[in-house]
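Place chain E on chain C using the hints.
Protein chains: 2
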Amino acid sequence: MAAAFTAIGGKWKLTLLYWLAHGESHFAGLRRRGAPITPKVLAEQLRELEADGLVERVVTGPVPARVIYRLTPYGATVLPVVEGVRVWGEAHLQRTDGQSVSDTAMSCASSIV
Amino acid sequence: MAAAFTAIGGKWKLTLLYWLAHGESHFAGLRRRGAPITPKVLAEQLRELEADGLVERVVTGPVPARVIYRLTPYGATVLPVVEGVRVWGEAHLQRTDGQSVSDTAMSCASSIV
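Chains as they are written, first to last, in the numbering used here: chain C, 1 to 113; chain E, 1 to 113.
Isolated chain C, as found in the complex:
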């Protein structure tokens, strides 16, 4: 991927940043959003976001659910960009009428900035 687009251009990264913008989450919580992302790909995308300093993996206590993922302060700097994509994407959905925005799991109807 062209260099400048690498950090947030991965297939699920904008979506993950959007989800985490609403609050920290366990891995299972991200899985439960209902999007068709495999655990392997989810783990991979989270690792890459972590490597780029956008997301942090925090060990909070013993099992179960002892690890949470959350945006770093640096990750928060990308939210206006994510919001720009979201707003355009919402208008695109209205235009194409291709997918119901009332699908809770997949909806990106709420603003994050």
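If the Cβ cut is set under 7 Å, some of the chain C residues that face chain E in the computed set are:
#, residue
1, A4
2, F5
3, A7
4, G9
5, G10
6, K11
7, T15
8, G84
9, R86
10, E90
11, H92
12, L93
By construction, these hints were calculated from the structure, which means they are not laboratory data. Positions of the beta carbon are idealized from the N, C-alpha and C atoms, including for glycine.
Leaving out everything else, chain E in the frame of chain C:
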């Protein structure tokens, strides 16, 4: 992928929109940008961008190179969003110092809007 992020969230879509913002291109021209994208994936991403009305595939004449890809007027509406990602991405590269922005093939240093 969460609905609103589908149309431009694919792994290579932002990059392809960025490249096409600089002018129409043959398939081979996009290949020659030197990014590590396979012909199969490139064709797939172009097909999806075309299905979403962002890119059009125009037959211009006999072989060789009779097909070009170019942004549609609708595709041009997404360029401010792509530019937002690019600007953030450039700053991110400066911060991480991870990749040379002087690599012509992969550089996204020039503004498109």
